[in-house]
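Q: Residue numbers (the working numbering), protein chains in the order written: chain A, 9 to 474; chain B, 9 to 474; chain C, 9 to 474.
Worth flagging that the hints you see were computed from the coordinates, not collected in a lab. Bear in mind that the values here come from a model prediction, so they are computed numbers and not experimental data. Glycine residues also receive a C-beta, built at the ideal position from the N, C-alpha and C atoms. Treat the hints with care, as some may be off.
Capping the alpha-carbon separation at 20 angstroms, the derived lysine to aspartate or glutamate pairs in DMTMM-like fashion look like this [claimed, not checked]:
1) C:K330 with B:E354
2) B:K345 with C:E208
3) B:K330 with B:D51
4) B:K330 with A:E354
5) B:K330 with B:E87
6) B:K473 with B:E168
7) A:K330 with C:E208
8) A:K330 with C:E354
9) B:K330 with A:E163
10) C:K470 with A:D304
11) C:K345 with A:D349
12) A:K345 with B:D329
13) A:K345 with B:E324
14) A:K470 with A:E354
15) B:K345 with C:D329
16) B:K469 with B:E168
17) A:K345 with B:E208
18) A:K469 with A:E324
19) C:K330 with B:D349
20) B:K280 with B:D349
21) C:K469 with C:E208
22) A:K470 with B:D329
23) B:K345 with C:E324
24) B:K150 with B:E168
25) B:K330 with B:E136
26) B:K470 with C:E107
27) C:K345 with A:E208
28) A:K469 with A:E163
29) C:K345 with A:D304
A short, non-exhaustive set of chain B residues, derived as facing chain A with CB atoms under 8 angstroms [said to hold, decoys possible]:
30) H16
31) D24
32) R113
33) F315
34) N319
35) V336
36) D365
37) S367
38) E396
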Amino acid sequence: MTRPLRLHPDRLLPADPATRTLARDLYESVAGLPIISPHGHTDPRWFATNAPFGNATELLLAPDHYIFRMLYSQGVRLEDLGLGGSGADPRAAWRLFAERYQLFRGTPSRIWLDWVFAEAFGIDVALEAQTSDLYFDTITEKLASPDYAPRALFERFNIEVIATTESPLDTLEHHDAIRASGWQGRVITAYRPDPVIDPEFEGFQANIDRFSAITGEDCRTWQGYLAAHRQRRAFFARMGATSTDHGHPTARTADLPHAEAEALFDRVVTGKGTSGDAELFRAQMLTEMAAMSLEDGLVMQLHPGSFRNHNARVFERFGRDKGADIPVSTEYVRALKPLLDRFGNEADFTLILFTLDESVYARELAPLAGHYPCLRLGPAWWFHDSPEGMRRFRRSVTETAGFYNTVGFNDDTRAFLSIPARHDLARRIDCGFLAELVMEHRLEDWEAAELARDLAYDLAKKAYKL
Amino acid sequence: MTRPLRLHPDRLLPADPATRTLARDLYESVAGLPIISPHGHTDPRWFATNAPFGNATELLLAPDHYIFRMLYSQGVRLEDLGLGGSGADPRAAWRLFAERYQLFRGTPSRIWLDWVFAEAFGIDVALEAQTSDLYFDTITEKLASPDYAPRALFERFNIEVIATTESPLDTLEHHDAIRASGWQGRVITAYRPDPVIDPEFEGFQANIDRFSAITGEDCRTWQGYLAAHRQRRAFFARMGATSTDHGHPTARTADLPHAEAEALFDRVVTGKGTSGDAELFRAQMLTEMAAMSLEDGLVMQLHPGSFRNHNARVFERFGRDKGADIPVSTEYVRALKPLLDRFGNEADFTLILFTLDESVYARELAPLAGHYPCLRLGPAWWFHDSPEGMRRFRRSVTETAGFYNTVGFNDDTRAFLSIPARHDLARRIDCGFLAELVMEHRLEDWEAAELARDLAYDLAKKAYKL
Amino acid sequence: MTRPLRLHPDRLLPADPATRTLARDLYESVAGLPIISPHGHTDPRWFATNAPFGNATELLLAPDHYIFRMLYSQGVRLEDLGLGGSGADPRAAWRLFAERYQLFRGTPSRIWLDWVFAEAFGIDVALEAQTSDLYFDTITEKLASPDYAPRALFERFNIEVIATTESPLDTLEHHDAIRASGWQGRVITAYRPDPVIDPEFEGFQANIDRFSAITGEDCRTWQGYLAAHRQRRAFFARMGATSTDHGHPTARTADLPHAEAEALFDRVVTGKGTSGDAELFRAQMLTEMAAMSLEDGLVMQLHPGSFRNHNARVFERFGRDKGADIPVSTEYVRALKPLLDRFGNEADFTLILFTLDESVYARELAPLAGHYPCLRLGPAWWFHDSPEGMRRFRRSVTETAGFYNTVGFNDDTRAFLSIPARHDLARRIDCGFLAELVMEHRLEDWEAAELARDLAYDLAKKAYKL
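Just chain A, same shape as in the assembly (with noise of 0.2 angstroms):
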């Protein structure tokens, strides 16, 4: 006997009858707005070639971390999930997989994966060990027909635009070819710079010798290395972007004084600097980045706290991205001052904050985009996008930034399927947060109704100039 998969409508919604009521009138006035996904990891040779995805293995279980992190969690070996190259027999994978699908239990994963079973895949049994078949050959089978490539997707998804990621030294061809296509989906990229800013990052210094090559500039000299991002910039920005993202390990931010700045640049170019040096470089690039978005209008995200590849002995053999990202504390007062003290009060420039540490919602985080002009605060990013994650993130920072400095939802995901089952998600847990509000008379409704507008999607496309 199999077990029934259904989506309850009313699912996320706060359990008080009535304030479950005023929740799921609100969300109904929000649940078919467009998608905006401002900032992501989707890959746009999807949409640039539109071949189809392959097996269900391959496209919603190899690919996301959240998967497979809690699988290897509790002792199944990645090699028999097919990572690393290892040639795993997908169907077995995925048995692994459906075996244990009682561990994702009170995640986000659970609620994403059977809005894709159900909704995106039409499956009415739930995954357990015995469906576990029938779930690979349905998905499987399915994509191979035409409703399931990507712009078929895309297209059903109600997505109004997606922004992708890419280091400066992509070609964007896929961007490219996209735009050359006719096809009218929007797909845009987003400037990346990691892989030449930071030091440690795998393959720095030929990195660099990409950037000048691609650029034409002779980025080891300070003066070619900050004209080869402005021309990159510039680039990006033809091919859609509106926005940088910057994922560092901390916060910190530095001005340095020129000089100091290009012989800080000199060391870390010739492999001479010491971590500390690297961190500083990192920290001055912040710096760097927001005075070119004063000039070219590239609204800048910051994603710091996270302690890349923890675990020494997947990364050798894996890789990166494998699951093995943790969280540390991150302190943002005195990281940030150097480059709020030269742009903060600017209010044409955009720094849009993200935390792995919920701790400095309320003490640090919304403190500061309550009062700088140029900060506002993005979503409850990664371990924390989820029910819970996002209820904090809201009861944590409304009382001191207000809604108005916060910029709706992003899925930075590359998990495509699981889009829609994300805005969706977030769209029920914000109008539960407004409900919950106006049950206790801290909000009217009909401000409510304009919130859950604004969250589920104005406050996205105007804080990324979407």
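Go by the hints and put chains B and C onto chain A.
A: Chains B and C alone, transformed into the frame defined by chain A:
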């Protein structure tokens, strides 16, 4: 068409119907209790002269950093709000605020302001662009009438006692005038010695000279300096003070041997001290102040953890207290040990701790206050003086420190008209919390009724010896 | 007139009626399960001798630091409660407690104690001044009866297995006596080597000598010292131990080359080590213990982050464990890396992490446990072993680590009579949390039923290999 402004009688009470009924009963039993305001920043001049307040902008907007920080964060220039002696038109400034009132949705300022508009001024339409002039005129006109003079409002607000905060350099002439006037309102002072204790305070050296002048002690000797404190504390106590207050960057305390303390003082007072010396001196002075509290019975308050004047440009142009104070992570366990080693076990000494770092509520403050006889916990402070902030406070500290190691509510405000709104909000939230405990049978109803009164009235009177 | 004492059948369940109904059903399905107590501090002598407990004060008051710390915080002298061998009259001590029972409102101690009074002793009036003698007499009298002997209570409490905690220097004679007695109660030990691992532990040098004497190894050599651990671990395992436990100031681990570890040991054991050496030695020993766990299969527990004996005067007069241990901020991500680099990927090794710093739940612990095969998360601990503390734990860790990287409940107590109350509280809170997930359709009802049993019983048995 204007929208109505209504204060719902059940505002801020929990949504669950049965819990709300319990909370309402509790709230109604304490709603009419007089206000005890043991810590705040109202201006004693108001009550001394009883001169009418000016216009709406001057009274409600320009002095309220909660308001102008939010407006500033969304691009409004502080000059245009009348800050920095800009001479901006108050009606135009009010309009900038009215047009952006939606920014305050979800913030406590909105709750306090709506109370002021509806209850203090009897306005029954919502603030927005089209009601801006109506608001400005109504408020400004009423302020000119005797019913809105400071003393009349004090009485109407049912304030039993209010403490202001003054520097040791203050002559307390207004407090003297209040007492001499025969008016029965109880306005007392509190001893806030930061300007003569913090070597990094603006004008510290000049302050030391004035400290000598005002006391007749030689405040450039360690003994003279300490004697000057003793003298001023005694004077403040005669002017009604029952407490001292200390706004330090950190909670660090020190207990140096006499000779070391003296040598440290010498460095600091001759301007030869490092920034490490400044921190150590502040630390040592907390212990000195504690020692004096044991002598004179003044209750000690510590408010650490704010990075003051974070925005260099705003500080330069507009000065202190302009909404750019940002909380930082604050440690208490090691920091307080020197002071606690000396006075922690004295049941006759009271040190009330505040924090802007909520991560210490359950981890450090509740365990400390649940053990040391001298310690009590101040209420949710500043950015956390809000519905969610107060709930986090109660949920985080009660299980370890209980209710009786807390001290009731502080409004901590210079926004005089909001004082009843702030106490009302605190009473509602506390009654809601108590009702939740009763609903879960963690508390009997008669206990909740006792506690509602304790939290609204008795604990503050007792802790502050009022 | 006395007030009644009643335990409401729905206590601690969520207020919302539909959620409460669900929670009640879940709770009823697990309320009768046997107690698994894998980590605690009861005295094995009780079960070995089965001698009756003494009077009310001796059993319930004097050994319970939750109680006397609160009384002390409100000015009650520890001598007057009978601590420090003061010889205080137990009836008078009990009265000091009874008169101040309101201090415990809102604390878990109140919940545990009311259970003990009502369920264990059948008292039906509330504790207050006028019932003080009634309580003292009723409890003291019942304790003398065979029904209240340790083994009888053990059986009545439906304890399937309980672990005590002993030092390697303990002879385990009581455990031996229990086994020899033919009594069927399962009382096992756990290996807690802090006294011979922490160079800053009182009597460390003497402990090392006793460690040599008890094992016949030369514990002043690195090899002998490690061999002694291996020998005692094996002995503890024979006496039923399935786990070790480590109470360190921090979570720091180290993995030094053999020669460095040996040199460090030499400094430490000759008393030449600095406090940095002490910290590094504790860190190194965690990794050594992990290595031994891989050999002998003992599950490892780490309890870091308590600043022990914070109150110098209380420690001097009354010794350890007198309610003056205060949590401090605790870092895990960098701290655990050396150990995890070596053993993190071993699925056969289990390291259960605890914390007193809730800010790490979502930031550090859940991401670590949601990735590393060896890691599991212990329940909300000590100050956080409370309704709100458990809710914060579940809400913070479940979304990233799921339920199956947690290990059920630990009572961690020496207050034997409160054990059923503590497990009951945990079951109620967990069932309430599960019911909330069902109400929001984040979980199916049949999943919640499975999980209720897992959290109440199965996970603890499995994680601790019981």
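Q: Now tell me, hint by hint, if it's right for this structure.
A: Each hint tested on the structure:
no., hint, in the structure
1, C:K330 with B:E354, "17 angstroms, holds"
2, B:K345 with C:E208, "19 angstroms, holds"
3, B:K330 with B:D51, "17 angstroms, holds"
4, B:K330 with A:E354, "17 angstroms, holds"
5, B:K330 with B:E87, "12 angstroms, holds"
6, B:K473 with B:E168, "13 angstroms, holds"
7, A:K330 with C:E208, "40 angstroms, violated"
8, A:K330 with C:E354, "17 angstroms, holds"
9, B:K330 with A:E163, "49 angstroms, violated"
10, C:K470 with A:D304, "59 angstroms, violated"
11, C:K345 with A:D349, "36 angstroms, violated"
12, A:K345 with B:D329, "18 angstroms, holds"
13, A:K345 with B:E324, "15 angstroms, holds"
14, A:K470 with A:E354, "17 angstroms, holds"
15, B:K345 with C:D329, "18 angstroms, holds"
16, B:K469 with B:E168, "10 angstroms, holds"
17, A:K345 with B:E208, "19 angstroms, holds"
18, A:K469 with A:E324, "40 angstroms, violated"
19, C:K330 with B:D349, "15 angstroms, holds"
20, B:K280 with B:D349, "30 angstroms, violated"
21, C:K469 with C:E208, "34 angstroms, violated"
22, A:K470 with B:D329, "31 angstroms, violated"
23, B:K345 with C:E324, "15 angstroms, holds"
24, B:K150 with B:E168, "24 angstroms, violated"
25, B:K330 with B:E136, "24 angstroms, violated"
26, B:K470 with C:E107, "19 angstroms, holds"
27, C:K345 with A:E208, "19 angstroms, holds"
28, A:K469 with A:E163, "19 angstroms, holds"
29, C:K345 with A:D304, "42 angstroms, violated"
30, H16, "4 angstroms, holds"
31, D24, "6 angstroms, holds"
32, R113, "6 angstroms, holds"
33, F315, "5 angstroms, holds"
34, N319, "6 angstroms, holds"
35, V336, "5 angstroms, holds"
36, D365, "5 angstroms, holds"
37, S367, "4 angstroms, holds"
38, E396, "5 angstroms, holds"
The structure is inconsistent with the numbered hints 7, 9, 10, 11, 18, 20, 21, 22, 24, 25, 29, although it conforms to all the rest.
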